[in-house]
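If you follow the hints, you should be able to join the two separate chains into one complex; please do so.
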Amino acid sequence: MATPLLVLAAGFCAAVGSVGGLGGALLLVPLLVATGTPATEAAPLGLVLVAAGSLAGGSRHLEDRSVNHRLGVTVEVAASAGAVVGALLSGVVSETVLVYALAAVALVAAAAGGSRKGIRNAPHPAFGPEHVGERVGMVGGAVARVGGVAPYRPRRLPLGLAAMSVAGLVSGISGVGGGFIKTPVMSEIMYVPVKVAAATSTFTVGITAAVGLLVFAGQGRIEAHSAAAVIIGSVVGGLAGARLQNRLRGPAVRKVIAGILVLVAILLVATA
Amino acid sequence: MTTGDLAREPMDHLVRALFWVVVIAAGLAVLGLALPGEVGVAVATAAVVVVIASPLLRVLWLIAAWWRSGDWRFVGVGVVLLVVVAGGTLVAVLS
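From first to last, the protein sequence lines are chains H and W. Take the first sequence: its letter number 233 is residue 246 in my numbering, and every next letter is one higher. Take the second sequence: its letter number 90 is residue 81 in my numbering, and every next letter is one higher.
Next comes chain W alone, as it looks inside the complex (with noise of 0.2 angstroms):
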């Protein structure tokens, strides 16, 4: 039985940038619980930008890697996702 061509990503450099976005959403998230007033808000908010944007990054980093790879499908299909999500925010927003 044969399943294709294993993937070859360098999923390495995704675990190493995945670890050092937790470390920093979690000491960002700290920092605004300990920091008094207007700072400590902007820091816990800062904590949930990166915890909002790092799934979106994510999958940006994906289509770069399956465009550099050749699998051009799936570039197709991670576009196609971006564009759902992009437009969907637009659309819920606004109503």
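So that you can see chain H by itself, here it is in the shape it has in the complex (with noise of 0.2 angstroms):
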């Protein structure tokens, strides 16, 4: 692909992944493959939009305290150690049992979040806006919603971890960064509100990406120009994606969220 197509096709992919907190690789990879580049090298940029995309959007997601870095690092713990299992099971498992495996996690996920209704962790009156962020020794906190400040604490934290290890070997069987995966888990299984888990979800597919990048790299399949073409794009979309995460409602992020995941399985089938 074209320096200047490739620059504005990883915009657009950043900032769709980032308004969900989805990564964006599982647009941008097969898109890649679809316009001719080689798997082989389709997917470490996938990763470097992943990475990039989550560098960009990480300031705008700190300055309004959306980001749950001790839910982050904890759910990561778990994907990480899924992730590595799978990177050691990637040359067992079919690849076109992987993209329909993939392709009806994505339209699961899409139906739980889409159907959706109503507000699971409504504002308090108790809370303000000083009282926005993540609380020491644990893994809740509160978030701005319209109407006021809704205190959340993560629900089912087994259940979640678990379900994170599973996203996390599915990053490691297929070089994603499995954020279409982190991110309806935190919403639809430990009730954590949408804005919050896709902010911490950018986050934690930062590491993933960055971890999957450093193999890439040992294994030199990283060419430079177009990574850097990749990144130039991605920080542009991922600083537009979390600007316009920060003006939605949950329940619109959700919606937006379903729709990209609807597309995600739609492409992946396409390509299988």
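To be clear, the hints were calculated from the coordinates, so they are not data collected in a lab. These numbers come from a predicted model, not from an experiment. We put the CB at the ideal spot given by N, CA and C, even for glycine. Don't take every hint at face value.
[What the hints assert, rightly or not] Chain H is faced by these chain W residues, among others (derived, beta-carbon under 10 angstroms):
1. Leu22
2. Pro46
3. Ala55
[As the list claims (entries may be wrong)] Computed spacing ranges between beta-carbons, pair by pair:
4. W:Trp11 to H:Leu18: 24 to 34 angstroms
5. H:Ala283 to W:Pro27: 30 to 40 angstroms
6. W:Val40 to H:Leu101: 30 to 40 angstroms
7. H:Arg234 to W:Leu51: 42 to 52 angstroms
8. W:Arg59 to H:Arg133: 27 to 37 angstroms
The structure is reproduced here in structure tokens:
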């Protein structure tokens, strides 16, 4: 793909990925492969997109205190452990089976998030803007939303961690960031407010992507010029996506995520 | 309803640091594309190195901040994460 087009494609995928905390590699990689980039070169570029988009969106999420680092680091332990096992199993699992499994997961997550009505973490009158953020010694916190500030505490942590290890397993096998699983797991299984889930997932997919890129760098599979083009697009797209996510309400973010997940499922099946 | 003490890590430092890391990564990427030959490749590679290093350095920064605030539980979780990441990378590269 020509460099200007690669910058534009990366910018679009990073913006979309940053809104939903989905990373964006699952959009960029099929696009690159469909336009003639070898899969061995496309996968590292997908992870460059995820890492750079995560970096670009980070400061915006920090400023509005929607990212929960304690929760992110906790779930990332399970996800990283799963990713290691997945990387070791990557040659064993059939690529076709994997693609259809990823598409099925994306559709289930889209249905779960898109069909949900109502608010799980309602604003509490005792909480004001000064209470927004995470809490010492726990994975809970409070988030600003329309009508006030809502405290939250992740539920079903053991189940959430188990699901995160599966997300990591999928990441390790397929070479994607796994944000399209992590955000719905935090939002729909752990009942974390979707904006916190998306911001925290944007943080954690950066770690997953960095680890994957270290492995690809060791194998000499990162093409520097294409990676630079992807970084430029991702920085612009990641900043725009984080800004847009900040302006959207929670239900709107959920619908955007559901729509992207359906698109991801279609792309996966189309390229299988 | 209470959810405990508000965390008071100096996030404004991290916001500023992340801003400058983004500027550096993007600047190096633009230069890497603009400069010809080996120099361009070297500068573009530096941009990739910045992108790879930043999330891991962010975790290190968080561990240090939690250490200073006495949040030992999450210091431990952060260290476990870095050990898993380092061990996993080593295993993946060696295999």
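Right, here's what the structure says about each hint:
no.	hint	result
1	Leu22	holds (9 angstroms)
2	Pro46	holds (4 angstroms)
3	Ala55	violated (12 angstroms)
4	W:Trp11 to H:Leu18: 24 to 34 angstroms	holds (29 angstroms)
5	H:Ala283 to W:Pro27: 30 to 40 angstroms	holds (38 angstroms)
6	W:Val40 to H:Leu101: 30 to 40 angstroms	violated (26 angstroms)
7	H:Arg234 to W:Leu51: 42 to 52 angstroms	violated (26 angstroms)
8	W:Arg59 to H:Arg133: 27 to 37 angstroms	holds (33 angstroms)
The earlier numbered hints that this structure contradicts are 3, 6 and 7.
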